[in-house]
Amino acid sequence: MRTLHKFHGGVHPPEHKTESSRLPIAAAPLPQRLVVPLRQHIGNPAIPIVKVGDHVLKGQMIGAADGFISVAVHAPTSGTVSAIELHAVPHPSGLPDLCITIEADGEDRWTERQPLDYQTADPDAVRALLRDAGIVGLGGAVFPAYVKLNPDQQKIKTLILNGAECEPWITSDDLLMRERATEIVSGVKIMAHLMQPEEVLIGIEDNKPEAIAAMQAACQGTGFAVVTAPVLYPSGGEKQLIKLLTGKEVPSGQRPINIGVLCSNTGTAYTVHRAVYHGEAVISRIITITGNVTKPQNFEALIGTPLGELVQLAGGARPDTSHFILGGPMMGFDLLNHLDAPLTKAINCVIAASPALFPPKPAAMPCIRCTQCAQACPCDLQPQELFWFSQSKNFDKARAYNLFDCIECGCCDYVCPSHIPLVSYFRYTKSEIAAQDREKMAAEQARQRFEFKQMREEREKAEKAARMAEKAATAAAAKAAAAASGVEDPITAAKQAAIQAAVERAKAKKAEAAAALPPSPQPSPAGGEGVNNTEPS
Amino acid sequence: MSSPHVLTPGSSVSNIMLTVLAALIPAIGAYYYFFGPAILISLVLASVTALAAEAAMLQLRNYPVKYFLTDGSAVLTAWLLALSIPPLAPWWLIVVGTAFAIVVAKHLYGGLGNNLFNPAMVGFAVLMISFPATMTHWPTPLMLSQHPVGFSETLQYTFSGALQGVKLDAVTMATPLDTLKTQLNLQHAMGEIKNMPIFGSFGGKGTEVIAAMYLLGGLFLLQRRIITWHTPVSFLVTLALVAALFNGIDPGRYAPPMFHLLTGGAMLGAFFIATDYVTAPTTPRGKMIFGASVGFLEYVIRVFGGYPDGIAFSILIMNAAVPLIDAYTQPRVYGHDTKPE
Amino acid sequence: MISAILVMVLLAVVLGAVLGFASIKFKVEGNPLVEKIEATLPQTQCGQCGFAGCRPYAEAVAAGQAEPNKCVPGGDNVAKNLAELLGVEFKPVGGDEGVGPKPRMVAFIDESTCIGCTACIKVCPVDAIVGTTKMMHTILATPCTGCELCVPACPVNCISMIPVGQNIATWKWQYPVFELTVMANRRPEK
Amino acid sequence: MEHYFFILIGTVLVNNIVLVKVLGLCPFMGVSKKLSAAVGMGAATAFVLTLASGMSYLVDHHLLIPNDLSYLRTLSFIVVIAAIVQFTEMFIRKSSPMLYQTLGIYLPLITTNCAVLGIPLLNVQENHNFIDSLLFGFGGAVGFGLVLALFAAMRERLEGAAIPAPFRGAAIAMVTAGLLSLAFMGFAGLVK
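First to last, the sequence lines map onto chains R, B, E and X.
Each residue of the first sequence is one higher than the one before, counting from 1 in my numbering.
Each residue of the second sequence is one higher than the one before, counting from 1 in my numbering.
Each residue of the third sequence is one higher than the one before, counting from 1 in my numbering.
Each residue of the fourth sequence is one higher than the one before, counting from 1 in my numbering.
The hints are simulated quantities; they were obtained by calculation from the structure and are not laboratory data.
Heads up, a few of these hints could be off.
[Claimed, not checked] Reference listing, derived: stretches of chain B covered by chain X, where coverage requires no fewer than 3 residues with Cβ under 8 Å from a Cβ of chain X:
#1 2-9
#2 95-107
#3 117-127
#4 241-248
[To be verified] In silico lysine-lysine, DSS-like type, Cα no more than 30 Å apart, as pairs:
#5 X:Lys33 with R:Lys430
#6 R:Lys440 with E:Lys172
#7 R:Lys361 with R:Lys397
#8 E:Lys122 with R:Lys464
#9 E:Lys91 with X:Lys33
#10 E:Lys91 with R:Lys361
For glycine and all other residues, C-beta sits at the position ideal for the given N, C-alpha and C.
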């Protein structure tokens, strides 16, 4: 038995896991139309590489990775691209985003699949495969896996597979571990091959005995250790799980790899296995449909399936359903744009909410500084102070009190006797600060461009003056030449004069540039050579 | 509506306030048993005044009156004040103190959750400075009294300011702390003083039982996780240590620690006033600094200072230091200052 | 009388000497304030403050020659920050009403009307307009600061300001509004 | 030893220069919006006050009293203080431009801080010797700095409070100063 290192705080909301974990994972039928968002991961959205009217095959890449932090997206089935336009997507803003719509042809025909022998292949080739297979962290952060699975000179001590699934209601990881433990462990082996960790730990909360048993069986002979942890939200948070299993803390603003730890979700390991052994891209995932539906269950559904169809598969929402929550009740968000938003890689659960299951929050009272939030905070923050600064828009103070270490787990909201929407305040403040930082950067760029323009204008003025002088000189030279020898070819004379003028121009330019370099008595360090690079034309 | 979508069932501000009020009831019972019905009258008077002042201020500030009036915070302020001042007092004393507490110390700062100073203690300090004589008329414990004051007599005194046929001096006397101070100033020895009838086995007769009841209520609050141990423990330990130190130096001039713990407002202060959420520090280390400082100042003021008891002033002084304490005792946040391996 | 004058003179001479020495010893060059003010300004270079750009305005403010509430694009937020930086009382931009920062706008050229006169290119302070004589011009949205200097410069009125829309990448969480906050804010301000 | 201890306790707590003697209210209200500025102001004032106490003692005992010029006391003290403040200003401007900026106009205004003139005059009134004068000045400045820091931290907290509109800003600061003064009355009687 490993010693667990308790993290600070945490809460224990009602679990509600059994509703959806009784039935096995069911395969969702092929929908008629699939809508695949190009932004399904952190980083740059994928670039569409198909046109409207193109026929695509199942698993064919339809959006290519753009830049370093980005991955590809793929056609979930075979069919015709009918639109590339803004479409409702599951996002807390309710704003639409660029999506590729595919009309299924019903054949579900695969594109050519290319498995890879990862043990003999170059690790970079494996990572390229992961990028092109669109593999991202399926725990919610959707960070490109190929970026993460790169030791990059760091010594990896511990590889952690996150099977904690601490959010109430959600059982998708639980069911995946119960039914496909072998594939998951195979995926972990591939990750371990890439990262070469000293130990591999699989963390599971102890309310999933079947999953624990299945994983233990699958881990026989691999040397991987299944570690059970007591149920305490948010033990499945990456930072909390790392603390729980290793006793180490991820330094603020850094990634776990900086302390030699890598944490990955069970779903991710499964998709890694599918990609490497079968050459399949991420075109489906397991999703829990639960709450106020008649038949809560987990489904394996294609990315792009309208969420409404999945709710129908679970027997449909009961009439008193008021709204739908995407994700768990602690960190999920309300689905604002109805149920025609498609399933994406990040969505692991849809909860149909009713006033009975999720009573509306009472009106908030002022903060009485009771510090129950501080006692519950798994990051050891002081939410009451952060709230005080956030509600008075004192952004500098909020940042100084480490607002950006908040993981928005919702523990503070859950225990607050004044029912203050603390996390909402923190999100507001965070996004305001981020916007301010963006503005600052834009202002700095504008300043540099302005200074460059000033410099250029001065140079141009000088050039103009030089050109005038040169013109006069040319004229004079031509005249002089003509006067000197009437027999000489006038063309040669003009040529010579032009060359002469060009030399003079170059000289003048040089002198001008030298004069223009210190544009003001206090030269700005940013205004120098570097500006030239930002000039667009 | 954004996440989270669930809340702790049954947790609310009014629940917290009601639990604290409930924890005060054993002490009020003991108070009634030893000192007669005056305390009940002053509790009711203070509560009514507090609610009226609160309602008026909420109305003036355009806040939803009913929603805030039922949170219980005004009543708690009223009870704490009533338990701190002499119960056998003219009505205007209680009304002025409570109204000042609610209007100035609470609502001028923005009401619940915004005040810097503990309203009840501000009310107490104002009364102490403005009406020092009235504030020393404490009722005699019933078993020592020649003339136990009954319910109707108390009412009569409270509203008319006089008692028929009895002089006020006959039914009131100085508190044990005050008596101790006076007697010590008269160069009497500690052992001699402790034999006076007003003193019980540890503290004052009757008051020591009330103090024990405060302790009981405080333990109940600890068990219900309304308060944390930091403040009361650091408060009482510091008070006891300082008292033991001086008692060890000169037992003839300085009372033993048990006496200091069980007299005056020590227990009430430790569990109910110094733990007031709004005006106390929020960090664990801050709470310990706060509690220890209040305990130390409490001893200094009650033994060397000009007032019979120091609880109100020591709490107010430390209230002023709370923002500073909070700012300098922020706990280490996850992922900060991690030890290098 | 004489002794009084002598004593005062003595005091004055001694203290004067000490101060004179100190003023040489602790001489300070430059003013770090200009940098701080400039960092606060939005760098639109719009000239609405009456100065030829943000830097000259910052220098004027630091020297006390300009009020800190002249920055129109920055609105009251910038005015407030500058007032705090200078330790003077905050005055809203443009009189008592006060102006919040304007929604971010970028200039847009109606390309069918553009005659390619390059008038706008000359006035753009950040070189955000590309094009050449007799050719249609286009505005690059990213570097455009929304200063509006190009709008009056266009002889055919083909430039308009359009607000920058929100997308998922720039979307911000709103200030939480819940019942009691609304009620508390209903009280009359000022 | 005990004597010095009591002078310190007396000036810092019991007869606090701001809360009990009600001197030096101008910087107390003016420089208490930010904790960092308040701490800087407290340090600057402590420096000026201690120096001013010592200097004015010397001026008083070696220039004025021997020449029978005690009627020039206020005038010469002001000259001395003004010079010390000027010196401090130059020093801070050189050593900490940020602090210089945050203190702004209040730095030269230490000259007109009645606490700075008050303490040397009180020293004369109470017949303090040189060491006593220095301690008295230092204690007064510590008391001033302590209260200023407490007050600034409280005002920073109040920034976020839902104070009724008519009481925002200076009004609630005055109320707070009053309540703080009330709290410090608890020290009454500690030192005769």
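Hint check:
| no. | hint | in the structure |
| --- | --- | --- |
| 1 | 2-9 | violated (count 0) |
| 2 | 95-107 | holds (count 3) |
| 3 | 117-127 | holds (count 4) |
| 4 | 241-248 | violated (count 0) |
| 5 | X:Lys33 with R:Lys430 | 25 Å, holds |
| 6 | R:Lys440 with E:Lys172 | 16 Å, holds |
| 7 | R:Lys361 with R:Lys397 | 28 Å, holds |
| 8 | E:Lys122 with R:Lys464 | 15 Å, holds |
| 9 | E:Lys91 with X:Lys33 | 18 Å, holds |
| 10 | E:Lys91 with R:Lys361 | 40 Å, violated |
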